[in-house]
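Under this note's numbering, the first residue of the sequence shown carries the number 1, and numbering increases by one thereafter.
Just so you know, these hints were derived from the structure itself, not from any lab.
A portion of the hints provided could be inaccurate.
[Unchecked claim] Straight-line alpha carbon distances no greater than 27 Å define the calculated DSS-like cross-link-like pairs of lysine-lysine that follow: (1) Lys152 - Lys177; (2) Lys200 - Lys176; (3) Lys79 - Lys200; (4) Lys193 - Lys177; (5) Lys188 - Lys200; (6) Lys188 - Lys176; (7) Lys152 - Lys123; (8) Lys152 - Lys176; (9) Lys184 - Lys152; (10) Lys191 - Lys177.
Since this is a predicted model, take the numbers as computed values, not measurements.
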Amino acid sequence: MRNPFGTYLKHAFGNQYNYIAMALFGGLGVLLDPGWLMIGGGLELLYLWMMASNPRFMRHVDSLIEDEKALNYEALRDKLWAQIELEQRDNYRALEQQAVRISADELPRNLQDDPFFQENRRKVATLLANYLRMAVAVTRYNRYLDSADPQKITENIERLQSELGEASERVVGIKKKNIEVLQKRLDKLEKAKSNLEYLKAQMETIEDTMHLAVDQITTQSDPKGSSMQIDNLLFNLQETELIAQEMESVLELEDGLDESFNLPRERE
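The whole structure should be built from the sequences, with the hints applied where relevant.
Quick look at the structure:
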């Protein structure tokens with residue numbers, strides 16, 4: 001999706017060479033002939049229109065904006081922080097300290113100019129953003145599992161099954177329907193446990209990859225290798241994002257049906 005046209009105009013205007021050209025024409029207009037100001041103004045408008053309409057320049061601006069969003073993981077952290085449990089917060093803080101080690105201000109100029117460094121820095125920020133979203137999902141899974149009592153659900157299933165033989169045909173249908181719903185809850189709980197274990201394993205993988213990548217970036221030992229490792233992890237995280245989103249569907253299943261649900265008595 002393209003950004004507003006004004007965004008490209010702003011970036012074109014802010015180009016350092018544009019400032020130099022404006023200063024040049026301004027100087028000519030003041031020192032030699034005011035006509036240069038009109039010529040400079042016309043050329044400026046032409047330049048801005050051509051640059052803002054140039055597909056290559058637009059892609060460049062889009063890339064800069066995406067990088068800026070990716071690197072701004074602090075904003076995402078502030079947005080999601082209240083939704084993350086304390087243990088996950090501590091883990092994230094330790095991980096963020098690793099990212100600080102490769103901030104532009106902490107490294108020599110030759111490394112900052114390395115294209116692999118710039119790419120890896122963006123990817124590390126992407127890993128942090130993924131870690132935050134996964135921490136939210138883990139918190140939700142933990143709360144969901146803590147709020148449910150599988151043993152109680154099982155007891156209710158057994159109770160309803162034992163009552164089937166004495167119930168009328170009309171009530172049997174209702175009891176079977178509730179047995180089905182309760183069984184689905186048990187199945188969802190088992191799947192939630194499995195997903196939670198998977199998410200935690202992926203978070204550990206992010207932690208290990210971050211430590212290794214930051215060490216390689218700061219020591220300049222293998223920046224290209226770091227980039228490939230992070231790429232592989234980001235590709236695998238696509239499935240993790242789906243599992244994190246699945247928590248929403250799990251919560252939607254809970255229709256307010258309590259584990260201690262009691263079927264109303266049959267009317268005479």
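Structure-based check of each hint:
1. Lys152 - Lys177: Status holds; Cα separation ~18 Å.
2. Lys200 - Lys176: Violated, at about 36 Å.
3. Lys79 - Lys200: This hinted pair holds, its Cα atoms lying about 21 Å apart.
4. Lys193 - Lys177: holds (25 Å)
5. Lys188 - Lys200: With Cα atoms ~18 Å apart, Lys188 and Lys200 stay inside 27 Å; holds.
6. Lys188 - Lys176: Roughly 18 Å separates the two Cα atoms, so the pair holds.
7. Lys152 - Lys123: Violated - the C-alpha atoms of Lys123 and Lys152 are around 45 Å apart, more than 27 Å.
8. Lys152 - Lys176: Holds - the C-alpha atoms of Lys176 and Lys152 are around 17 Å apart, at most 27 Å.
9. Lys184 - Lys152: Roughly 14 Å between the alpha carbons, so the hint for Lys184 and Lys152 holds.
10. Lys191 - Lys177: Holds. Lys191 to Lys177 sits at ~21 Å (cutoff 27 Å).
Hint check: violations occur at hints 2 and 7; the rest are consistent with the structure.
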